Amino acid sequence: MVSAPESQPQSLFDKLWNTHLVQAQSETTPAILYIDLHLVHEVTSPQGFDLLREKDIAVRCPERTLATLDHSTPTLPPDKDGRRPYITEQAQRQVQTLRNNCKEFGIELHDWDSPSRGVVHVMGPELGATQPGMTIVCGDSHTSTHGAFGALAFGIGTTEVGHVLARQCLLQNKPGSMRINLDGRLGNGVTAKDLALYIINHIGMNGGTGHVIEYTGEAVRGLDMESRMTLCNMTIEAGARAGMIAPDQVTIDYLRGRRKVPQGEAFEAAAEKWLKLASDPSAYFDHEISLDASAIRPTITYGTDPGMSVAIGEMVPVAVNASQQKALEYMDLSSGQSLAERKVDIVFVGSCTNGRISDLRATAKVLRGRKIAPHVRMLVVPGSENIRRQAELEGLDKVVRAAGAEWRLAGCSMCLAMNGDIVPPGKTAVSTSNRNFAGRQGKGSRTMLASPETAAACAVMGRVAGVSEVESTQEGE
Amino acid sequence: MMQAFTRLTGNILVLAQENIDTDQIIPGRFLTATNFDDIGEGAFADWRYDDAGELVAGHVLNQARARHSPILVGGHNFGCGSSREHAPRALLGFGFRVVISSQIADIFKSNAQNTGLLPVVLKPEQHARLLQMDAGEITVDLERCCVIVCEESGEQHNWPFTMDPFARHCLLHGLDRLDFLSQAEPAIQAYENGI
Ligand code: SF4
Chain A
1 MVSAPESQPQ SLFDKLWNTH LVQAQSETTP AILYIDLHLV HEVTSPQGFD
51 LLREKDIAVR CPERTLATLD HSTPTLPPDK DGRRPYITEQ AQRQVQTLRN
101 NCKEFGIELH DWDSPSRGVV HVMGPELGAT QPGMTIVCGD SHTSTHGAFG
151 ALAFGIGTTE VGHVLARQCL LQNKPGSMRI NLDGRLGNGV TAKDLALYII
201 NHIGMNGGTG HVIEYTGEAV RGLDMESRMT LCNMTIEAGA RAGMIAPDQV
251 TIDYLRGRRK VPQGEAFEAA AEKWLKLASD PSAYFDHEIS LDASAIRPTI
301 TYGTDPGMSV AIGEMVPVAV NASQQKALEY MDLSSGQSLA ERKVDIVFVG
351 SCTNGRISDL RATAKVLRGR KIAPHVRMLV VPGSENIRRQ AELEGLDKVV
401 RAAGAEWRLA GCSMCLAMNG DIVPPGKTAV STSNRNFAGR QGKGSRTMLA
451 SPETAAACAV MGRVAGVSEV ESTQEGE
Chain B
478 MMQAFTRLTG NILVLAQENI DTDQIIPGRF LTATNFDDIG EGAFADWRYD
528 DAGELVAGHV LNQARARHSP ILVGGHNFGC GSSREHAPRA LLGFGFRVVI
578 SSQIADIFKS NAQNTGLLPV VLKPEQHARL LQMDAGEITV DLERCCVIVC
628 EESGEQHNWP FTMDPFARHC LLHGLDRLDF LSQAEPAIQA YENGI
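Chains A and B, in that order, are what the protein sequence lines are.
Counting in this note's numbering, the first sequence runs from 1 upward without gaps.
Counting in this note's numbering, the second sequence runs from 478 upward without gaps.
Just so you know, the hints here were simulated from the structure itself, not pulled from any lab data.
Hints may be right or wrong, so weigh each one.
Stated by the list, open to error - For lysine to any residue, the following SDA-like pairs were computed, each having C-alpha atoms within a straight-line distance of at most 25 Å: (1) A:LYS326 to B:ALA661; (2) A:LYS427 to B:PHE507; (3) A:LYS174 to A:GLU265; (4) A:LYS174 to A:LYS273; (5) A:LYS427 to B:VAL533; (6) B:LYS600 to A:GLU406; (7) A:LYS55 to B:ALA510; (8) A:LYS276 to B:GLY487; (9) A:LYS55 to B:VAL533; (10) A:LYS260 to A:GLU54; (11) A:LYS260 to A:ARG60; (12) A:LYS276 to A:SER294; (13) A:LYS365 to A:ALA166; (14) A:LYS174 to A:SER116; (15) A:LYS260 to B:GLY671; (16) A:LYS326 to B:HIS536; (17) A:LYS174 to B:GLY671; (18) A:LYS365 to A:ASP397; (19) A:LYS326 to B:ASP656; (20) A:LYS427 to B:ALA529; (21) A:LYS55 to B:LEU569; (22) A:LYS371 to A:LEU339; (23) A:LYS260 to A:LYS365; (24) A:LYS55 to B:ARG542; (25) A:LYS55 to B:GLN666.
Bear in mind the structure is a predicted one, so any value in this text is a computation, not a measurement.
Could you put the whole structure together from the sequences, leaning on the hints where they help?
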């Protein structure tokens with residue numbers, strides 16, 4: 001893709017791309033893109049650090065690198081001797097490997113003793129490490145989350161983790177661009193998660209392949225930062241390289257005073273620059289679509305990819321191809337069936353999609369004064385330790401526990417089920433995470449994705465249900 | 478050091494399902510290793526093994542020919558999902574050198590190129606032809622950027638594919654991209670001085 005000359009109108013993406021070019025793309029070589037922030041976790045980094053040792057190279061910019069423990073970490077507290085319940089010795093070894101690597105190469109690690117430790121895409125924004133105008137990468141596809149701040153943020157593989165550690169740069173061909181304009185306002189009780197699922201359903205799980213998506217329009221402007229992060233987080237589920245939203249006053253108000261942003265006058269100066277990042281009015285996009293956000297209703301997935309979703313209350317649609325048929329078989333559903341009949345065994349609230357404080361508040365609002373159905377197991381896992389403490393300050397943990405659900409320490413947990421928090425074979429989970437692939441939450445697990453409020457409603461009813469049903473059939477406090 | 482790829486004649490193995498995601502290619506529980514040495518053992522583990530941990534008899538990936546078929550033909554939108562490089566590494570570990578589909582997800586594709594697994598995107602009708610063939614020998618030629626298929630009827634196809642020139646260059650010669658980046662160190666420094 002050829003980028004527009006500088007004098008021409010530029011999109012947010014063009015501006016970020018052009019200002020981070022160390023070397024432009026040529027006929028035979030990709031561009032060299034400078035990376036402002038490199039986020040690191042225990043799963044995809046060990047082999048990256050090995051690459052450095054192999055070549056005897058130091059980490060080029062430790063100060064631009066930030067590490068956390070989240071994927072393999074237990075969410076249950078340590079025993080009385082201080083031992084953490086790791087699922088395997090190998091998981092523990094992986095955590096220790098990151099600890100050693102960070103020590104050896106001088107990288108800031110948010111270890112067990114850090115009050116800020118959290119899921120990498122929750123922690124970065126919370127600390128203010130994520131800022132508008134930055135290029136941000138991480139060995140994790142949901143790095144797209146950070147695009148909510150007007151950053152160019154995308155996931156990379158482990159070899160590339162090694163490249164960024166060594167040279168603070170990446171080799172990249174410029175992706176195409178796409179603008180999704182969301183007109184209208186979201187209705188009552190409709191969340192950013194519903195919006196994201198609606199978009200993926202609309203453009204398909206490969207609808208964004210090869211592209212960076214910018215979200216614009218009234219519905220996007222009306223979202224708070226946490227909701228914007230949820231939307232950008234799910235962008236990868238439409239196959240896109242990255243999702244982004246231009247910084248505005250909402251972005252600036254969220255960032256002001258956070259630990260890693262400039263303080264005082266320097267912040268105001270930075271904010272002024274950030275506001276100029278927005279796409280120029282006549283900027284060019286390779287594709288543009290408009291959707292009516294006011295038509296969206298609370299949504300849940302019924303298949304094995306995030307594009308297979310319906311509004312709560314709708315029937316399971318007809319499978320249009322063999323893959324969809326296979327997905328229905330895996331989920332033990334059939335076309336035309338009412339989802340409301342579907343018994344739910346497990347409910348998971350958490351992840352970098354929906355593990356933030358507003359998500360926990362929404363969950364607690366539904367659970368307050370109610371009990372989850374006796375056959376349901378529900379896990380509520382804050383996205384970071386900061387969020388956990390804030391929630392406990394507000395008494396949300398008590399609401400969750402009183403309802404019969406489990407309150408855990410921060411981590412990825414059941415989102416990808418590599419720490420021992422799993423959905424058993426054949427069981428149905430309603431999950432606020434981002435992927436419903438077969439076996440994602442444990443071999444044979446059946447995942448239905450939804451917002452925190454819908455997930456909580458399903459827990460209370462013990463079957464697929466919306467919040468309105470809970471409110472009409474059960475008294476809260 | 479990445480293994481070079483120039484030209485390969487070998488059997489195809491077809492997994493026709495669309496949207497084969499990275500959680501199918503390598504389930505999350507195999508990600509706790511700190512090296513890629515045995516990663517091939519986890520490839521498609523949830524398809525190859527049943528709930529009791531026994532090999533699923535009759536699954537195409539468990540047939541003897543699977544390990545002798547270096548060319549995987551996957552359904553549309555292959556490799557969607559996570560950025561785990563474990564996915565192409567697991568396919569390499571299992572014995573594949575090429576993945577062919579009518580669409581391959583972005584991050585999977587770049588991870589494949591970085592690790593020496595050749596990702597080939599063919600036109601839908603060509604791809605459909607391979608899905609139908611199900612087995613048999615074809616040639617993938619990276620020097621000429623084409624896939625050569627001889628049908629039983631004797632008909633021969635020569636299907637060109639496009640490939641990013643730099644990725645092709647690195648694959649053909651087994652070159653490490655980090656070396657290329659390292660040569661740009663003066664430009665990186667100049668950029669940093671200008672920030
Ligand atoms: S919460 Fe899930 S999607 Fe997010 S970083 Fe962790 S494993 Fe990845």
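Margin query: Tell me the numbers of any earlier hints that the structure contravenes, in ascending order.
Written below: 1, 3, 6, 8, 9, 10, 12, 13, 14, 19, 23 and 24
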